[in-house]
Amino acid sequence: MAKQTQSKMSRALQRRENIAGYVFMLPSLVFFLGFVIIPMFICIITSLTNTNMHDPGLFGGFIGLKNFADLANDKVFLKGLVNTFVIVLVSVPAVCAFSLWVSSAIYKLKGPILSAFRCIFYLPVVTGSVAVTVVWKWMYDNYTGILNSALTSTGILEKGINWLGDPKTALWCIIVILFTTSVGQPIVLYVSALGNVDQTLVEAAQVDGATDLQVFWKIKWAQMMPTTLYILVITTINSFQCFALIQLLTQGGPNHATDTVMYYIYYTAFKLTEQAGHFGYANAMGVVLAIFIGALSALQFKLAKEK
Amino acid sequence: MKIENPRSRAYKIVSMIILVILAILFLFPLYWIITGAFKPAADIYAQEPVLWPTEWVSKNFENLFNKRTAPLFSIFGIEGPTAPAAFRWLINTVFMSVASMLLTCLTAAMAGYALAKKRFVGRAILFSLIVCAMALPKQVILIPLLKEMAALKLYDSLWAVIFPTVGWPFGVFLMKQFSESIPGEILEATRIDGASEAKTFVTVVLPMVKPGIGALAIFTFINCWNDYFMQLVMLPSGQNFTMPLGIATLQAETSVDMGLLMAGAALAALPIIAVFLLFQKYFTQGITMGAVKG
Numbered sequence: 000m001a002k003q004t005q006s007k008m009s010r011a012l013q014r015r016e017n018i019a020g021y022v023f024m025l026p027s028l029v030f031f032l033g034f035v036i037i038p039m040f041i042c043i044i045t046s047l048t049n050t051n052m053h054d055p056g057l058f059g060g061f062i063g064l065k066n067f068a069d070l071a072n073d074k075v076f077l078k079g080l081v082n083t084f085v086i087v088l089v090s091v092p093a094v095c096a097f098s099l100w101v102s103s104a105i106y107k108l109k110g111p112i113l114s115a116f117r118c119i120f121y122l123p124v125v126t127g128s129v130a131v132t133v134v135w136k137w138m139y140d141n142y143t144g145i146l147n148s149a150l151t152s153t154g155i156l157e158k159g160i161n162w163l164g165d166p167k168t169a170l171w172c173i174i175v176i177l178f179t180t181s182v183g184q185p186i187v188l189y190v191s192a193l194g195n196v197d198q199t200l201v202e203a204a205q206v207d208g209a210t211d212l213q214v215f216w217k218i219k220w221a222q223m224m225p226t227t228l229y230i231l232v233i234t235t236i237n238s239f240q241c242f243a244l245i246q247l248l249t250q251g252g253p254n255h256a257t258d259t260v261m262y263y264i265y266y267t268a269f270k271l272t273e274q275a276g277h278f279g280y281a282n283a284m285g286v287v288l289a290i291f292i293g294a295l296s297a298l299q300f301k302l303a304k305e306k
Numbered sequence: 000m001k002i003e004n005p006r007s008r009a010y011k012i013v014s015m016i017i018l019v020i021l022a023i024l025f026l027f028p029l030y031w032i033i034t035g036a037f038k039p040a041a042d043i044y045a046q047e048p049v050l051w052p053t054e055w056v057s058k059n060f061e062n063l064f065n066k067r068t069a070p071l072f073s074i075f076g077i078e079g080p081t082a083p084a085a086f087r088w089l090i091n092t093v094f095m096s097v098a099s100m101l102l103t104c105l106t107a108a109m110a111g112y113a114l115a116k117k118r119f120v121g122r123a124i125l126f127s128l129i130v131c132a133m134a135l136p137k138q139v140i141l142i143p144l145l146k147e148m149a150a151l152k153l154y155d156s157l158w159a160v161i162f163p164t165v166g167w168p169f170g171v172f173l174m175k176q177f178s179e180s181i182p183g184e185i186l187e188a189t190r191i192d193g194a195s196e197a198k199t200f201v202t203v204v205l206p207m208v209k210p211g212i213g214a215l216a217i218f219t220f221i222n223c224w225n226d227y228f229m230q231l232v233m234l235p236s237g238q239n240f241t242m243p244l245g246i247a248t249l250q251a252e253t254s255v256d257m258g259l260l261m262a263g264a265a266l267a268a269l270p271i272i273a274v275f276l277l278f279q280k281y282f283t284q285g286i287t288m289g290a291v292k293g
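Chains A and B, in that order, are what the protein sequence lines are. For the record, in the first sequence the residue sitting at position 222 is 221 according to numbering that gives the first Met the number 0, with numbers rising by one throughout. For the record, in the second sequence the residue sitting at position 229 is 228 according to numbering that gives the first Met the number 0, with numbers rising by one throughout.
Hints are computed from structural coordinates only; laboratory data are not their basis. Certain hints may be false.
Here are the simulated DSS-like cross-link-like pairs (lysine-lysine), alpha carbons at most 25 Å apart as the crow flies [as the list claims (entries may be wrong)]:
#1 B:LYS209 to B:LYS117
#2 A:LYS217 to A:LYS301
#3 A:LYS109 to B:LYS280
#4 A:LYS219 to A:LYS304
#5 A:LYS107 to A:LYS217
#6 A:LYS167 to A:LYS78
#7 B:LYS152 to A:LYS270
#8 A:LYS301 to A:LYS219
#9 B:LYS209 to B:LYS280
#10 A:LYS65 to A:LYS270
#11 B:LYS11 to A:LYS217
#12 B:LYS116 to B:LYS209
#13 B:LYS11 to A:LYS107
#14 B:LYS11 to A:LYS109
#15 A:LYS107 to A:LYS270
#16 B:LYS11 to A:LYS219
#17 A:LYS107 to B:LYS280
If we take Cβ atoms under 8 Å as the criterion, some of the chain B residues that face chain A in the derived model are [unchecked claim]:
#18 PHE25
#19 LEU26
#20 GLU47
#21 ALA113
#22 LYS117
#23 ARG122
#24 ILE124
#25 LEU153
Here chain B is said to cover these stretches of chain A; the calculated rule only asks that three of the stretch's residues, wherever they fall, bring their Cβ under 8 Å from a Cβ of chain B [stated by the list, open to error]:
#26 41–48
#27 127–134
In this text, all values refer to a predicted model and were calculated from it rather than measured experimentally. Note that CB positions come from ideal geometry on N, CA and C, so glycine has one too.
The whole structure should be built from the sequences, with the hints applied where relevant.
Right under this line is the structure:
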C-alpha cells in the first residue's frame, strides 16, 4: 500500500519534471531543430537530387548518388580537397604547437601582463575576417605592400614577389592569415589549463629530481590532454571551413591554387555559370566535407583516449 | 627561496624577447588599418611604405561616407532620413548582433538549466544530439538554410542571420556547464517554499548563472558581428548590408583605394574591439567553461 502511493507520487513528480523540462527546453529547441537539424536533413536529401536555386519547391528531382559520382571525377573539387587537406595538415599542428609554447611562456606572468598578451593574440579573431583580410591584401600587395618593401629593403629578397598572384605562394599566404586568426582561442584555453595543473604532482616530481622538461611532458602535458583534444577538434573544424579569406583574397585563383572545398561549395551554389545555383551538387560536397570532419574528429578522440 | 639556474634565466629572457616581437607582429595589421585610415593618398601610394602618417586626414572617411547613401533605417516600411550607407550598415550590424545575443542568452539559459537540473525523459538523447551538432561544420548547412529561409519568406532579412545564430547549440552547452554548479538543495528549498517553476528560474537560477550569461552574451555578439559567410549567403540585396558585407563589397568595387578600404575596415573592427576589451573578463571565462569536458 505504502509502496503504491510512493510510486504514484514519484510518477506525478516525474510528470512534473517532464513538463517543466520540456517547457524550459522549448524555445531553444524551436531554433535548434528549425535552423540546425532541419537544414542538416535538407542538406542530405538535396545532395541526392538535382535541386536548383531557381526551383520554386524545396527539392528537385531525385537522381540517386549521381552528384557523388560526379564529384569523384570533378578535377576542381579534387584539387580543392587536396588544398583543404594541406591547409588542415599545416595549420592544425602549427596552431597547437605555437599556442602551447606561447601559453607556457606567459601563464606565470603577472595578471595585467598576462591579460595583455592574451588580448593581443586574440585581437585578430575579434577584428573579424573581412577587416583582417582587407589589410592583409594590402600588405601582400605587389607594388604598395609593406611585405615586399620590407623584404627588399633588408636584402632578404632581390625583387618583390607577387604573393597572391603566384600559385606557389598564394596558398601559404592564406595559411599565414588563417594561423593568426586561429591561435587566440587555443592560447586562452592552454593558459587556463596550465593554471589548473595539479601543483602537488608538479612539486612531488621536482622533489624527486625531475627536470623542467620532464615535468612538462610527463605531468602537465598529460593533464592537459582533454584541452589539447578540444583545441585539435575546433582548429580542424575551423581550418576545414576556411572561406572568407579565399573569397576575399584570391577567389580560388590563381589557376585553382587556393580553391578549397568550402569555397567551391559557395562557387557552385552562387557563381558557376554553366550550372548556376546547382544546390544539389553543392550540398553533396557539404556532405562529403561533413563526413571528413566527423571522421577526423572521431580519430582524434580515439587517439587521445588511447594515450 | 629557490635559486634559479642561469640557463633557465637565459631561456626566460630569450622567450620574453620572442614574445614581444610576436605581439608586435600580431598587432601590426590592426595598426596598419588605423593609420592607413588616416593617411593622405600620397602616403598610401608611396614607394617606401610610410609607417607613421605624415599628416592625419579624414579624407578617407569622407570618401567612404559620400560614396553611398541609404535610408538610416527602415522598419515596417517607414524609412529614416538619408544618411551615408556606412551608418546604415553599422545600425544593421548592431541590431543583428544585439537581437542574436538577447535571444541566445534567454533560450540557452532556460535550456541549459533544464538539461542540468531537470530529470526529464529524453534528456540524455537531446544532450548528445546537441554535442554532436556542435562538432558539425556550421557553414555546410548554410546553403540548405537559404532554401528554408526563402520558403519562410525570411531570406534577405536580418532575421535569416539571427535565427540560425540563436539555434547554434554552443550556447545551450555552455549554459548547461554553468547550471551544473547550482546546488540542488537550494532548488529543493525554493520548491518546498511553494515557488513556481518560473519564479524559481528568475529569482534563483538566473542570478546564479549570471557569469555564464555574460560570457555567452559577449561571445554571441562578437561571433554574429563577424560571421561574414552567413551574412553573405543570407543578405544578397544590399538593403540589409552589414558592416563586413559593406566593406567586402567596397573591396570588390575599388580594390585600389586602400585609404577608403582601411577607413571601412576601421569602422567595422573598432566597435567590436571596444566591446571585446570592455568585457574580456567574461569572454575568457566563457571560452574556458565551454571547453571543460568538451
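Taking the hints in turn, this is what the structure says about them:
1. B:LYS209 to B:LYS117: Since the Cα atoms of B:LYS209 and B:LYS117 sit roughly 19 Å apart, the hinted pair holds (cutoff 25 Å).
2. A:LYS217 to A:LYS301: holds (20 Å)
3. A:LYS109 to B:LYS280: With Cα atoms ~15 Å apart, A:LYS109 and B:LYS280 stay inside 25 Å; holds.
4. A:LYS219 to A:LYS304: The hint holds at about 17 Å.
5. A:LYS107 to A:LYS217: Judged against 25 Å, a Cα distance of about 19 Å means the pair holds.
6. A:LYS167 to A:LYS78: Within the cut-off at roughly 14 Å; holds.
7. B:LYS152 to A:LYS270: holds (23 Å)
8. A:LYS301 to A:LYS219: holds (20 Å)
9. B:LYS209 to B:LYS280: Given that 25 Å is the threshold and the Cα spacing comes to 13 Å, the pair holds.
10. A:LYS65 to A:LYS270: The hint holds at about 21 Å.
11. B:LYS11 to A:LYS217: holds (21 Å)
12. B:LYS116 to B:LYS209: holds (16 Å)
13. B:LYS11 to A:LYS107: With a Cα-Cα distance of about 11 Å, the restraint between B:LYS11 and A:LYS107 holds, given a limit of 25 Å.
14. B:LYS11 to A:LYS109: holds (14 Å)
15. A:LYS107 to A:LYS270: Between A:LYS107 and A:LYS270 the Cα gap is close to 50 Å, so the pair fails against 25 Å, i.e. violated.
16. B:LYS11 to A:LYS219: holds (19 Å)
17. A:LYS107 to B:LYS280: This hinted pair holds, its Cα atoms lying about 18 Å apart.
18. PHE25: Where the cut-off is 8 Å and the nearest Cβ of chain A is about 5 Å from B:PHE25, the hint holds.
19. LEU26: holds (6 Å)
20. GLU47: At 6 Å from the nearest chain A Cβ, B:GLU47 passes the 8 Å test, so the hint holds.
21. ALA113: Cβ of B:ALA113 sits 4 Å from chain A, so the hint holds.
22. LYS117: Hint on B:LYS117: holds, closest Cβ of chain A at ~4 Å, below 8 Å.
23. ARG122: holds (7 Å)
24. ILE124: Violated, because the Cβ-Cβ distance from B:ILE124 to chain A comes to roughly 12 Å (cut-off 8 Å).
25. LEU153: violated (10 Å)
26. 41–48: holds (count 3)
27. 127–134: That given contact holds, which follows from 7 residues of the segment 127–134 of chain A lying within Cβ reach (below 8 Å) of chain B.
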